[in-house]
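S.K.: Given next are the chains, with one letter for each unit.
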Amino acid sequence: MTDWIDIGPLDAISPRGARVVKTRAGCVAVFRTGDDRVYALDNTCPHRGGPLAEGIIHGASVTCPLHNWVFDLETGIAKGADSGSVATHPARVEDGRIYLDLSQLESRKAA
Amino acid sequence: MKKLVVIGAGMASGRALEHLLEAAPDTYEITLFNAEPRGNYNRIMLSPVLSGEKTYEEIVTHDDAWYVANGVTTRFGEKVARIDRDRKVVVSETGDELAYDKLLIATGSNPFIVPLPGHDLDGVIAYRDLEDTNRMIDASGIPGAKAVVIGGGLLGLEAAAGLRLRGMDVTVIHIMGHLMDRQLDAAAGYLLRKALVDRGIKVMCSANSKEIRGEDGKVRALLLEDGTELPCDLLVMAVGIRPNVALGKEAGLAVGRAIHVDDQMVTSDPDILAVGECVEHQGAIFGLVAPLYDQAKVVAQTLLGEDATFVQRQVSTKLKVTGCDLFSAGDFADGEGREDIVFRDPARGVYKRLVIEKDKVIGAVMYGDTADGNWFYGLIKDGADISEMRETLIFGPAFQGGAAADPMAAVAALPPEAEICGCNGVCKGQIVDAIANGAADLGAVRAVTKASASCGSCTGLVEQVLAVTLGDAFQLPASQPMCGCTELTHEDVRRLIKAQELKSMPAVWQELGWKTKDGCHVCRPALNFYLLADWPLEYTDDPQSRFINERKHANIQKDGTFSVVPRMWGGITNPAELRAIADAAEKYDVPTVKVTGGQRIDLLGVKSEDLPFIWADLNAAGLVSGHAYSKGLRTVKTCVGTDHCRFGTQDSTGLGIKLEKALWGSWTPHKVKLAVSGCPRNCAEATCKDVGVVCVDSGYQIGVGGAAGMDVKETQPLALVPTEQEAIDMTVAFVQLYRENAKYLDRPYKWIAKVGLDWVKDQIVADPDNRQALIDRFAVSQSVYQKDPWAEHAAERAETYTPIANLTLEAAE
Chain A
1258 MTDWIDIGPL DAISPRGARV VKTRAGCVAV FRTGDDRVYA LDNTCPHRGG PLAEGIIHGA
1318 SVTCPLHNWV FDLETGIAKG ADSGSVATHP ARVEDGRIYL DLSQLESRKA A
Chain B
212 MKKLVVIGAG MASGRALEHL LEAAPDTYEI TLFNAEPRGN YNRIMLSPVL SGEKTYEEIV
272 THDDAWYVAN GVTTRFGEKV ARIDRDRKVV VSETGDELAY DKLLIATGSN PFIVPLPGHD
332 LDGVIAYRDL EDTNRMIDAS GIPGAKAVVI GGGLLGLEAA AGLRLRGMDV TVIHIMGHLM
392 DRQLDAAAGY LLRKALVDRG IKVMCSANSK EIRGEDGKVR ALLLEDGTEL PCDLLVMAVG
452 IRPNVALGKE AGLAVGRAIH VDDQMVTSDP DILAVGECVE HQGAIFGLVA PLYDQAKVVA
512 QTLLGEDATF VQRQVSTKLK VTGCDLFSAG DFADGEGRED IVFRDPARGV YKRLVIEKDK
572 VIGAVMYGDT ADGNWFYGLI KDGADISEMR ETLIFGPAFQ GGAAADPMAA VAALPPEAEI
632 CGCNGVCKGQ IVDAIANGAA DLGAVRAVTK ASASCGSCTG LVEQVLAVTL GDAFQLPASQ
692 PMCGCTELTH EDVRRLIKAQ ELKSMPAVWQ ELGWKTKDGC HVCRPALNFY LLADWPLEYT
752 DDPQSRFINE RKHANIQKDG TFSVVPRMWG GITNPAELRA IADAAEKYDV PTVKVTGGQR
812 IDLLGVKSED LPFIWADLNA AGLVSGHAYS KGLRTVKTCV GTDHCRFGTQ DSTGLGIKLE
872 KALWGSWTPH KVKLAVSGCP RNCAEATCKD VGVVCVDSGY QIGVGGAAGM DVKETQPLAL
932 VPTEQEAIDM TVAFVQLYRE NAKYLDRPYK WIAKVGLDWV KDQIVADPDN RQALIDRFAV
992 SQSVYQKDPW AEHAAERAET YTPIANLTLE AAE
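These protein sequence lines are chains A and B, in that order. If you use the numbering used here, the first sequence closes out at 1368, no skipped numbers anywhere. If you use the numbering used here, the second sequence closes out at 1024, no skipped numbers anywhere.
With the rest of the complex left out, here is chain A (with noise of 0.2 Å):
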């Protein structure tokens, strides 16, 4: 079952750019591309613990500010030499805002 819940408009996010969600289960990072796709990806580089929200956004992927390991927004696997992963998130657009599914959320609370 989904909860999608509005965090807020598409504005508050540079184009580029990321904001912060803060769960009971830790934070989520929120990214808006060059084009306007928005997704969530737990805000925890698996490497350092590197805050991805404050990393370089290109493409479809962002870098983490600490040692510049690149991770795919779309699947949430680093690319490149480095491996690792962190938890992708739904996350939709509709009419300027932004949905996350809550549930999904409180689930990965709970796991």
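Certain hints may be false.
Stated by the list, open to error - Mimicking DSSO-like on lysine-lysine, the simulated pairs with C-alpha atoms at most 30 Å apart in a straight line are: (1) B/LYS726 with B/LYS571; (2) A/LYS1279 with B/LYS818; (3) A/LYS1279 with B/LYS769.
As the list claims (entries may be wrong) - Sample of chain A residues at the chain B side, in silico, Cβ under 7 Å: (4) LEU1267; (5) ALA1282; (6) GLU1311; (7) HIS1324; (8) SER1342.
Derived from the structure by calculation, the hints contain no laboratory data. Even glycine gets a Cβ: it sits at the ideal position worked out from N, Cα and C.
Here the structure of chain A is known, so what remains is to put chain B in place on it, guided by the hints.
M.R.: Here is chain B on its own, set in the frame of chain A:
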């Protein structure tokens, strides 16, 4: 015969009538109302009428004779005031009533007028109908008349191009970062802008209108948010359309963004149908002609009692500006499981991008060469499987086989007059001539033309000209490209940004043949620096292309917290500042307070969301950002000099403060640290700084290129000057020379090793005019960039430092 009343004689209802009359001319007695005093004409061809390429008569679809021949009663120039659904009559504005069996609403849309102050002044118009077009043609007839068009979408650009062709001075104001942002990506938007600028149209993107100013009730100028005033005699608003739903709404029909219709184009009243821009179908509204024609066909069949279903389909867009070839279709946003195929040909100004999902083309954007547009559009519509032809797909249906993309295409495409060597003013043509006359390697070209003989940063480009000109006869030395997005080196890119006057990221990506859509974390920060250093007034800094420290004006720590370092000019502080720092440290629970090597105080472990608040507190005590996080001026370390020291020869603290006040806020290829020592005992350790001044009795010894990091380097002497002002001038000129020429992330010592100290001295010490020119250019840059980012962010961007949402609270409630 049953009675059909049609409200609105636009393109959609016109097409519906054609279908209806063709299939069954005797089914209905038809009455056609139209608010405009004329019948159906091809509205999308108003642009050629505006530009003078067509006349109104040529774009009329249905003339009086057509209506007579088909027995349609026309009531043009007469508005319908309301619909009485209970009695099934329409009431015209004259109070006349007309009964209907079936009613077709085709009221189209109204242009949206931004409610800026002054929007009702004479001379402020929309671009929608023949009246608007004629007013624009009249306005353009006045010699020297100026026009401003608000809106860089399809309609706005067609209006601008038409007015320009009629000789007007035209400026387009667009609120988004690139033109036609709904149909094009940034790369195609860049090429379009270039084509429009080439034909004399001024284009301002990311521009917000504030107020329309008038005189005697007539428009005089448009004022932008940033204070720019654009004088104009005509102001065209082309910012979008709103479905015209007033009649339907008053009649109590179901209306959302527009009048709701089902798949048969029937509204919530079974006897009332609607078609065109005034309808909403499954949540979508319509502005392009193709789906309207589909609707017209369905509405005609429904009126005849036949079974028909309207299905939304992909649409494609073309701009009707002669000479601007662009095409877009489908969905071309990035997305899950989507991949791009990008083709660029800088020489021809061609850009093509296909978006592929699950082996199907789902979107296409093309500029410059749109010959294959319809073929791609067909692939999108049909959902064709392209896995077999994927590798050659971008070359279109006529592809005959070909080679891999040429890494030297950008240099091959340069015109002969393009400057290659900036130091010696050598153009590509001169190098090609030298090669034709026998110069076969770099040394020979240097000897004949002096290209790359001075600072040497264009060496890579000269070699590429050799390779392009000589072909296989020249072996290109391996050089390190900037990143995976390009084959060009940093030096090549810097040179080409200057030579080709590239002033935006999309310009660089297109003209230099970038292989990715919007770069990567390696090239974007470098390009952002090169562009802002070379074009301080034209280029707008892009925070999203900066490393987090420069985006948030604080140093990120390993746990994701930040450090905050206020500036202490020349290392001088006072009790009030120290008190403010202590208060801030307590208030925000700063875990570590440390004195830095650069003579200031570091507050470590501040949370992101606290940053704007701690800055505001520090600002209140007069403290500003120390830029301890930037590729820019960090600190100017000083000793106490003649103020207190018994050995001091000059006022080293005073000079340090003056240098810091002159240089703070500037962005540089890498960090820049300075020091001023008051005597040769050198307590400020000036001889291991990027610029170090050591005061002596006779004046100031200026050394450059020191470092005490990964490498330890002693400064090399640049000059000995007698006065403090000359010491400041030399330093500022050196920093500007470094900003204009060095590779991103090269500290000055690395850069000097490449270009040679002698070249640096020639530029700064031996040539006073050049020194002054460097100082002047630095001043221009500082006029833009010397501002406290903390104050600006605390006041305007504080919310970006906080979470967009906090679901821990939500769940607890």
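S.K.: Within 30 Å, alpha carbon to alpha carbon, are B/LYS726 and B/LYS571?
M.R.: Judged against 30 Å, a Cα distance of about 21 Å means the pair holds.
S.K.: Take the shortest C-beta to C-beta distance between A/SER1342 and chain B; is it under 7 Å?
M.R.: violated, 15 Å
S.K.: Min Cβ distance, A/LEU1267 to chain B: is it shorter than 7 Å?
M.R.: Since chain B brings no Cβ nearer than about 10 Å to A/LEU1267, farther than 7 Å, the hint is violated.
S.K.: Is the Cα-Cα distance between A/LYS1279 and B/LYS769 30 Å or less?
M.R.: Measuring from Cα to Cα gives roughly 20 Å; hence the hint holds.
S.K.: A/LYS1279 and B/LYS818: Cα distance at most 30 Å?
M.R.: At roughly 14 Å apart (the allowed maximum being 30 Å), B/LYS818 and A/LYS1279 satisfy the hint.
S.K.: Would the hint on A/HIS1324 stand, with a C-beta cut-off of 7 Å toward chain B?
M.R.: Violated, about 10 Å.
S.K.: Quick one, is the A/GLU1311 hint okay against chain B at 7 Å, beta carbons?
M.R.: holds, 4 Å
S.K.: Go through the hint on A/ALA1282 and say holds or violated, using the shortest Cβ distance to chain B against 7 Å.
M.R.: violated, 9 Å
The structure fails to meet hints 4, 5, 7 and 8 from the earlier list, while all remaining hints are met.
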